[in-house]
Amino acid sequence: MSLTNTTIQEKLVEKFGDQVFQFSTDSGILSFEAPAAQNLKVIQFLYDDLGFTFLTDLCGVNYPDQTGAEIVVVYHLHNFVQNIRVRLSIAVPVTQPDVFTASKIFESANWMERETYDFFGVNFIGHPNLKRILNVDEMDYFPLRKEFPLEDQTRIDKDDEMFGRG
Amino acid sequence: MEAHHNIILPEGSIEKTTTTLNLGPTHPATHGVFQNIMEIDGERVVSTEQSVGFIHRAFEKLAERRNLYQITPITDRLNYCSSPINNMGWHITCERFLKVEIPKRVDYLRIIIMELARISDHLICNSIVGVDTGAYTGFLYVMQYRELIYEIYEEVCGSRLTTNIGRIGGFERNFSNTAFTKLEKFLNEYPKVLKEFESLFTRNRIFMERTQGTGGISAERAMSYGFTGPNLRAAGVDYDVRVANPYSSYQDINFTVPVGSTGDNYDRFLVRNAEMWQSISIIKQAYEKVQSFKGTEAEIFHADVPEYYLPKKEDVYNNMEALIWHFKIIMGEVELPKGQIYSAVEGGNGELGFYLISDGGRTPFRLHFRRPCFIYYQAYPELITGGMLSDAVVTMSSLNLIAGELDA
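Keeping their order, the protein sequence lines are chains A and B. Our numbering numbers the first residue of the first sequence as 1 and each following residue consecutively. Our numbering numbers the first residue of the second sequence as 1 and each following residue consecutively.
No lab work stands behind these hints: they were computed from the structure. None of the values given here were measured: they were computed from a predicted structure. Just so you know, even glycine gets a beta-carbon here, dropped at the ideal spot from N, CA and C. Among the hints, erroneous ones may be present.
Stated by the list, open to error - In silico lysine to any residue, SDA-like type, Cα no more than 20 angstroms apart, as pairs: (1) B:K338 to A:K131; (2) B:K61 to A:E151; (3) B:K338 to B:F54; (4) B:K338 to A:Q22; (5) B:K338 to A:K104; (6) A:K104 to B:L98; (7) B:K61 to A:S24; (8) A:K131 to B:K99; (9) B:K99 to B:F54; (10) B:K338 to A:F23; (11) B:K99 to A:S89; (12) A:K131 to B:P381; (13) B:K338 to A:V136; (14) B:K99 to A:S24; (15) A:K146 to B:R221.
Said to hold, decoys possible - Covered by chain A, per the in silico footprint, the following chain B stretches (three or more residues, Cβ under 8 angstroms): (16) 319-326; (17) 350-359.
To be verified - A few chain B residues facing chain A, derived, Cβ under 7 angstroms: (18) G12; (19) K61; (20) T162; (21) N164; (22) M223; (23) Y225; (24) V290; (25) F293; (26) P337; (27) K338; (28) T363; (29) R370; (30) Q378; (31) P381.
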């Protein structure tokens, strides 16, 4: 049978009840949330039963104002046969950003999770090689978190001298 | 045997039968900034670990303080072999997010530019595969024709490599007659060249022996590794964003999606070549459609979006409203709507996605680039382990890894 956003939502609610929530349709893609403890169960269900066998994208988002759910991990999954996508969000507190790794289901999650760890400090439990990927290993902060400042465009300490033209 | 009794060697060094080799970060054979720490046994690769991030420029963080139009030059620097596709991908994302209706003529002009970019991207990749198998001629020969493509870009937007082509809503100016003449010249000359390029390689015994059966991957593994684009299609999965989620009126164009079967270097080469033929046909169809517009319709090169599309200079000087919009756009004082969007285009390497989250501010709250290279480069150890070192080099170039896209 063909899947639509409505049937996907029905099947998810039938299987997980109130463990999946916040359904919405942004720009045609069904978005929903699940608790961090359930993420693998939900993804496995989407993979096995609904045919979402392709992990398009995995990234982090930091909402500093959402107390207790500051870090959000977003999965974009794609069902190639039915050509439909879903977006799953997992929110975790910044004090304990623990999420189970999806790298056992999708090989591609490996580096995308490393990237998310690198920029947001999400601790992917069970990840085979959770270390920084794009930034230097010595870095001791997570630069895409909102607390890490953007460069002040009016700064004056970056004068020519620093670039050897003084 | 009493050998070595007078030489003091570190513990375990005799037992170690493999050699550690650092391939990269800068090495002529890697065509970009890639480091691989390989364990090799003779010439056979036992294991490898890639390290990436040498040219990481924090694009996602930069984008958080830029207005939409200021992000276009960032996208240039992702896959710099096909910058126009990245630019268009970003414009299309913005337009979908802002719900801007784009005129058909603009769509077809965009298709022309994007397919030219795809040709130049695939041309570089395939000719570099030739270079790595020892055939330099093809590379030098086709460079002239990439030059023709770059001249068309130059005519349309003024630059060649990092193009910053187009604007949100359309193009910065209409295509000149010279641009169309150059396009016609390209369409006339290029098919012969591509044919000759193919006859140099496709049935070349040496080339076939070097590329067949090396760097292969099955469709299941390719999907698990998140392959997209020609690399996935070479493994036999006919997924193409232009067909699955058409953008820029690709649904009006007839073309086929070439697929391979074994996913090896040879299939990737064939798929890219076949895609170039398809691109030529797509450009011809789109050009025909562009020519079919008559009268004032033939002059349309942008949509009517005063909030994002800069007014004409003479209007800015003579018209108060245009001056206000000009100022608001340049200073970035246009608030975005709240919401989020994931929008993808078929880049040179695969699905190039933009995940934009807006909280109603003037800049994106978060912008994530789905870079196809970054995702499929993970599979590299699996593709080359057990093979020869020289095949590993060919595999790297046939994956079309572009450091700019990988590191973002």
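Outcome of the hint check:
The straight-line distance between the Cα atoms of K338 (chain B) and K131 (chain A) is roughly 34 angstroms, outside the 20 angstroms bound, and the hint therefore fails. A threshold of 20 angstroms between alpha carbons decides the hint, and for K61 (chain B) with E151 (chain A) the separation of about 10 angstroms falls inside it, so the pair holds. As the CA atoms of K338 (chain B) and F54 (chain B) are separated by approximately 35 angstroms, the hinted pair breaks the 20 angstroms bound. Between K338 (chain B) and Q22 (chain A), the direct Cα distance comes to roughly 17 angstroms. Compliance with the 20 angstroms bound is thereby established for this hinted pair.
Only pairs whose Cα atoms come within 20 angstroms are accepted, and K338 (chain B) paired with K104 (chain A) is rejected, the gap being roughly 35 angstroms. The hinted pair formed by K104 (chain A) and L98 (chain B) fails the criterion: a straight-line CA distance of about 37 angstroms is larger than 20 angstroms. Restraint check for K61 (chain B) and S24 (chain A): not satisfied, since their Cα atoms lie roughly 27 angstroms apart, outside the 20 angstroms limit. For the proposed pair K131 (chain A) and K99 (chain B), the alpha carbon gap of about 40 angstroms is over 20 angstroms, so the pair is violated.
For the hint linking K99 (chain B) to F54 (chain B), the alpha-carbon distance of about 37 angstroms lies beyond 20 angstroms, and the restraint is violated. Pair hint K338 (chain B) plus F23 (chain A) holds up; C-alpha atoms about 17 angstroms apart against a cutoff of 20 angstroms. Using a Cα cut-off of 20 angstroms, the hinted pair K99 (chain B) and S89 (chain A) is violated, with the two alpha carbons roughly 24 angstroms apart. For a cut-off of 20 angstroms, the pair hint linking K131 (chain A) to P381 (chain B) stands: about 18 angstroms separates their Cα positions.
Restraint check: the Cα-Cα separation between K338 (chain B) and V136 (chain A) comes to about 34 angstroms, which exceeds 20 angstroms; the hinted pair is violated. Among the hinted pairs, K99 (chain B) with S24 (chain A) is consistent with the structure: their alpha-carbon atoms are about 18 angstroms apart, no more than 20 angstroms. Of the supplied pair hints, the one linking K146 (chain A) and R221 (chain B) is violated, its CA atoms being roughly 36 angstroms apart against a limit of 20 angstroms. Only when three residues or more bring their CB closer than 8 angstroms to a CB of chain A does the claim for the region 319-326 of chain B stand; here the count is 0, and the claim is violated.
Restraint check on the region 350-359 of chain B versus chain A: 4 residues with Cβ-Cβ distances below 8 angstroms, three needed, restraint holds. Evaluation of the G12 (chain B) hint against chain A yields a violated restraint, the C-beta minimum of about 24 angstroms exceeding 7 angstroms. A hinted interface residue such as K61 (chain B) counts as satisfied when its beta carbon comes closer than 7 angstroms to some beta carbon of chain A; here the least separation is about 6 angstroms, so the hint holds. The beta carbon of T162 (chain B) is not positioned within 7 angstroms of any beta carbon in chain A (closest approach about 21 angstroms), and the interface hint is therefore violated.
Taking 7 angstroms as the C-beta cut-off, the interface hint given for N164 (chain B) is violated, the closest approach to chain A being about 20 angstroms. Below 7 angstroms, beta-carbon pairs count as interface contacts, and M223 (chain B) has one with chain A at about 6 angstroms; its hint therefore holds. Nearest Cβ of chain A to the Cβ of Y225 (chain B): about 5 angstroms, under the 7 angstroms cut. The hint holds. A distance limit of 7 angstroms between C-beta atoms decides the matter here; for V290 (chain B) the minimum to chain A is near 28 angstroms, and the interface restraint is violated.
For F293 (chain B), the interface hint is violated, since its Cβ never comes within 7 angstroms of a Cβ in chain A; the closest pair sits about 29 angstroms apart. Taking 7 angstroms as the C-beta contact cut-off toward chain A, the hint placing P337 (chain B) at the interface is violated, the least distance being around 11 angstroms. Of the supplied interface hints, the one on K338 (chain B) is violated, with its beta-carbon coming no nearer than about 10 angstroms to a beta-carbon of chain A, more than 7 angstroms. Restraint check, T363 (chain B) versus chain A: the minimum CB separation of about 9 angstroms is more than 7 angstroms; hint violated.
Hint on R370 (chain B) holds. Least Cβ distance to chain A is approximately 4 angstroms, under the 7 angstroms limit. Hint status for Q378 (chain B): holds, given a least beta-carbon distance of 5 angstroms to chain A, under 7 angstroms. For P381 (chain B), the interface hint is violated, the least distance from its beta-carbon to any beta-carbon of chain A being 11 angstroms, above 7 angstroms.
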